[in-house]
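Sequential numbering of the sequence shown, starting at 451, is according to the working numbering.
If you're looking for bench data, these hints aren't it; they were derived computationally from the structure.
Warning: the hint list may mix true and false statements.
[Said to hold, decoys possible] Pair by pair, the computed Cβ-Cβ distance ranges are:
#1 Ala-565 <-> Asp-509: 12 to 22 Å
#2 Glu-563 <-> Asp-500: 28 to 38 Å
#3 Ser-499 <-> Ser-628: 12 to 22 Å
#4 Asn-634 <-> Glu-563: 16 to 26 Å
#5 Asp-509 <-> Gly-604: 19 to 29 Å
#6 Glu-597 <-> Asp-509: 34 to 44 Å
[To be verified] DSSO-like, lysine-lysine: derived pairs with alpha carbons at most 27 Å apart:
#7 Lys-495 <-> Lys-554
#8 Lys-578 <-> Lys-554
#9 Lys-578 <-> Lys-495
#10 Lys-502 <-> Lys-554
#11 Lys-502 <-> Lys-578
Where is the CB? At the ideal position from N, CA and C, for every residue including glycine.
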Amino acid sequence: MLERADGKLIPEEIRTKVQNTAFSIGEGSGLVQADRAVIESFFSKKIGSDYKDFIYGTDSADNLYGNNGADILIGGQGRDYLVGGEEADILIGGSGNDVLDGGKGNDILIGGEGADRFVLRSLYGQDKILDYRHGEDFFILEDLTFEQLTVTQGSFSTSIQVTNTQERLAELIGIQASTIGVENFIALA
Numbered sequence: 451m452l453e454r455a456d457g458k459l460i461p462e463e464i465r466t467k468v469q470n471t472a473f474s475i476g477e478g479s480g481l482v483q484a485d486r487a488v489i490e491s492f493f494s495k496k497i498g499s500d501y502k503d504f505i506y507g508t509d510s511a512d513n514l515y516g517n518n519g520a521d522i523l524i525g526g527q528g529r530d531y532l533v534g535g536e537e538a539d540i541l542i543g544g545s546g547n548d549v550l551d552g553g554k555g556n557d558i559l560i561g562g563e564g565a566d567r568f569v570l571r572s573l574y575g576q577d578k579i580l581d582y583r584h585g586e587d588f589f590i591l592e593d594l595t596f597e598q599l600t601v602t603q604g605s606f607s608t609s610i611q612v613t614n615t616q617e618r619l620a621e622l623i624g625i626q627a628s629t630i631g632v633e634n635f636i637a638l639a
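Could you put together the complete structure from these sequences and hints?
Written as structure tokens, this is what we have:
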């Protein structure tokens, strides 16, 4: 039970009690700060609201979902899975081998340390990938193959687009197009 003699608990006291208590949580349950500005819980799955959310991961593996709103997701340590949602989001993997999926909207993706995977799919907006590392990070293609893509050099970046529609999927900041080839992609059929 979470109570004190004066009827009030500060967040640190709640955190300590929850971390030291065994209980089961039904589907759709969670802990959300009342102003919807920050979601920070003790569980590996965190889902945002219809508003702008800041969602922080833990030192373990996390599944973070932005949902609606222009969200900021920060994975922290561990192998994290971050999905932006419906609007322009910012996803930061942190340390660990993370998967970053911007969802719909023109998103900013930063994998951080570790071998990261960036999900690309048609009709989901153009993502800016700020820290792609050749030979360490990969792109996951959903319902696309490398043969359907064109990789083009720009002034300070490289773009990846669907050849037959000219739809731009991603812009890789500070990367040379000549370093991007079929070996950098994983196609999901």
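Right, here's what the structure says about each hint:
no. : hint                            : result
1   : Ala-565 <-> Asp-509: 12 to 22 Å : holds (19 Å)
2   : Glu-563 <-> Asp-500: 28 to 38 Å : holds (32 Å)
3   : Ser-499 <-> Ser-628: 12 to 22 Å : violated (43 Å)
4   : Asn-634 <-> Glu-563: 16 to 26 Å : holds (19 Å)
5   : Asp-509 <-> Gly-604: 19 to 29 Å : violated (37 Å)
6   : Glu-597 <-> Asp-509: 34 to 44 Å : holds (40 Å)
7   : Lys-495 <-> Lys-554             : holds (20 Å)
8   : Lys-578 <-> Lys-554             : holds (13 Å)
9   : Lys-578 <-> Lys-495             : holds (25 Å)
10  : Lys-502 <-> Lys-554             : holds (15 Å)
11  : Lys-502 <-> Lys-578             : holds (19 Å)
When held up to the earlier numbered hints, the structure conflicts with 3 and 5 and fits the remainder.
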